[in-house]
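Fit chain B to the given chain A structure using the hints.
Listed below, chain by chain, are the residues.
Protein chains: 2
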Amino acid sequence: MINRDDEKYMRLALQEAQEAMRHDEVPIGAVIVSQGHVIARGHNLTETLTDVTAHAEMQAITSAQTYLGGKYLTQCTLYVTVEPCLMCAGALGWSQIARVVYGCDDPKRGYHTYCQQPFHKKTVVEGGVLAEQCAALMQDFFKKKR
Amino acid sequence: MINRDDEKYMRLALQEAQEAMRHDEVPIGAVIVSQGHVIARGHNLTETLTDVTAHAEMQAITSAQTYLGGKYLTQCTLYVTVEPCLMCAGALGWSQIARVVYGCDDPKRGYHTYCQQPFHKKTVVEGGVLAEQCAALMQDFFKKKR
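Chain order of the listed sequences is A and B. Position one of the first sequence corresponds to residue 1 (the numbering used here), numbered consecutively onward. Position one of the second sequence corresponds to residue 1001 (the numbering used here), numbered consecutively onward.
Simulated from the structure, these hints should not be mistaken for laboratory data. All C-beta atoms in this analysis are idealised placements derived from N, C-alpha and C, irrespective of residue type, glycine included. Take the hints with a grain of salt, since some may be wrong.
Some chain A residues close to chain B (C-beta under 8 Å, calculated; not the full set) [what the hints assert, rightly or not]: (1) 1; (2) 45; (3) 46; (4) 50; (5) 65; (6) 70; (7) 86; (8) 94; (9) 114; (10) 115; (11) 118; (12) 121; (13) 124; (14) 135; (15) 138; (16) 141.
Cβ pair distances, simulated, as ranges [as the list claims (entries may be wrong)]: (17) A:145 x B:1136: 26 to 32 Å; (18) A:144 x B:1139: 19 to 25 Å; (19) B:1121 x A:74: 24 to 30 Å; (20) B:1036 x A:117: 36 to 42 Å; (21) A:69 x B:1145: 18 to 24 Å; (22) B:1112 x A:66: 30 to 36 Å; (23) A:18 x B:1143: 29 to 35 Å; (24) B:1008 x A:107: 39 to 45 Å; (25) B:1007 x A:135: 30 to 36 Å; (26) B:1136 x A:24: 43 to 49 Å; (27) A:22 x B:1022: 40 to 46 Å; (28) B:1066 x A:135: 50 to 56 Å; (29) B:1036 x A:139: 41 to 47 Å.
If we strip away everything but chain A, and leave its shape as in the complex, we get (with noise of 0.2 Å):
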């Protein structure tokens, strides 16, 4: 169930997309919360770092991670602004992560595409918060790219 808190939180992810759209990276950006504090944030860096395994969600987990001192991230909720992809996905697997609430779907490279169930089984999964701006940011990239 989304609550009132993650437009607030998808707002900052989406900071983080604008951020990414700045450097002429695909706008995608995350942010993981802990107990009421953002404790990571990341944006696409695939160009920058030429590295396919660059994406937000890798960005903000390695960062969260580091920050807590343990691998795991069961009391955490990470916010992004796209559907994750596969590898992205799996990743947010292995970290045992509480909730995933991501903003628009990605049909052609999100996981639903690729499978059902990528995550711990404990692992919440909202969609659709902010969609359409995150949507747009994509949008907007993709035409300026054509």
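Positioned in the frame of chain A, the structure of chain B alone reads:
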């Protein structure tokens, strides 16, 4: 089709797995080969780095991209001692790698348990190269942990 060099490169991946074992990491190793040259090596570092994303394949992919100065591994083969998980399979998908050769199956966390086709449509996949040696290392490790 498995070729005569596959066992040679899988032995190098096994050396990486043994290196992981020496550091009390789950013993999985990987190498990436391009045009007959080993351009990247990696082994599992999840405990050392306190990072669920630090799998052997992820280390090797990032390293190969740095070596090549590009994001796409379309001329490369990845050798890994154990069937890739969903995260690593997703990363290999983004890299558009030409070929993935793995040792033993991982019925619990291998990508096959979750989805059938996480790779680029041109990627060729082979399993079962030196599978017994690859599996034996894993069994030794988990036996000691019990």
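Going down the list of hints, with the structure as the test:
Residue-level restraint check for residue 1 (chain A) is violated (minimum Cβ-Cβ distance to chain B is 26 Å; threshold 8 Å). The restraint placing residue 45 (chain A) at the interface with chain B is violated, with a minimum CB-CB distance near 12 Å, outside the 8 Å limit. Interface restraint check: residue 46 (chain A) against chain B, minimum CB-CB distance 7 Å, threshold 8 Å, status holds. Using the Cβ-Cβ criterion of 8 Å, the hint placing residue 50 (chain A) at the interface with chain B is satisfied: the shortest such distance is roughly 5 Å.
This hint holds: residue 65 (chain A) has a C-beta 5 Å from the nearest C-beta of chain B, less than the 8 Å allowed. Of the supplied interface hints, the one on residue 70 (chain A) holds, with its beta-carbon coming within about 7 Å of a beta-carbon of chain B, less than 8 Å. The interface hint given for residue 86 (chain A) is met, as the beta carbon of that residue sits about 3 Å from the closest beta carbon of chain B, less than 8 Å. Given hint, residue 94 (chain A) at the interface with chain B, holds; its Cβ is 4 Å from that chain's nearest Cβ, closer than 8 Å.
With a least beta-carbon distance of about 4 Å to chain B, the hint placing residue 114 (chain A) at the interface is held under the 8 Å criterion. A least Cβ separation of about 4 Å between residue 115 (chain A) and chain B falls short of the 8 Å threshold, and the interface hint therefore holds. Because the closest C-beta pair between residue 118 (chain A) and chain B is about 5 Å apart, less than 8 Å, the hint holds. The beta carbon of residue 121 (chain A) comes no nearer than 13 Å to any beta carbon in chain B, farther than 8 Å, and the hint placing it at the interface is violated.
Annotation: interface hint on residue 124 (chain A) violated; nearest CB of chain B at approximately 19 Å, more than 8 Å. Proximity of residue 135 (chain A) to chain B is violated relative to the hint, the smallest CB-CB distance being about 21 Å (cut-off 8 Å). At a threshold of 8 Å, the smallest CB-CB gap from residue 138 (chain A) to chain B is about 17 Å, leaving the interface hint violated. Using the Cβ-Cβ criterion of 8 Å, the hint placing residue 141 (chain A) at the interface with chain B is not satisfied: the shortest such distance is roughly 17 Å.
Residue 145 (chain A) and residue 1136 (chain B) have their C-beta atoms about 49 Å apart, which leaves the hinted 26 to 32 Å range violated. Range check, residue 144 (chain A) to residue 1139 (chain B): Cβ separation about 53 Å, and the 19 to 25 Å hint is violated. Distance hint check for residue 1121 (chain B) and residue 74 (chain A): the Cβ-Cβ separation is about 36 Å, which falls outside the suggested range of 24 to 30 Å. Between residue 1036 (chain B) and residue 117 (chain A) the CB atoms are about 40 Å apart, so this pair conforms to the stated range of 36 to 42 Å.
Between residue 69 (chain A) and residue 1145 (chain B) the Cβ separation comes to about 22 Å, which falls inside the hinted range of 18 to 24 Å. Between residue 1112 (chain B) and residue 66 (chain A), the C-beta spacing of about 32 Å keeps the proposed range 30 to 36 Å intact. Judged by the Cβ atoms, the range 29 to 35 Å given for residue 18 (chain A) and residue 1143 (chain B) is violated: they are separated by roughly 51 Å. The beta-carbon spacing between residue 1008 (chain B) and residue 107 (chain A), approximately 42 Å, falls within the hinted interval of 39 to 45 Å.
At about 48 Å, the CB distance of residue 1007 (chain B) to residue 135 (chain A) disagrees with the hint of 30 to 36 Å. For residue 1136 (chain B) and residue 24 (chain A), the hinted distance range of 43 to 49 Å is satisfied, since their beta carbons lie about 48 Å from each other. At about 44 Å, the CB distance of residue 22 (chain A) to residue 1022 (chain B) agrees with the hint of 40 to 46 Å. Separation of residue 1066 (chain B) from residue 135 (chain A) is about 33 Å and departs from the stated range, judged on CB atoms against 50 to 56 Å.
Range check, residue 1036 (chain B) to residue 139 (chain A): Cβ separation about 44 Å, and the 41 to 47 Å hint holds.
The structure shown violates the earlier hints numbered 1, 2, 12, 13, 14, 15, 16, 17, 18, 19, 23, 25, 28.
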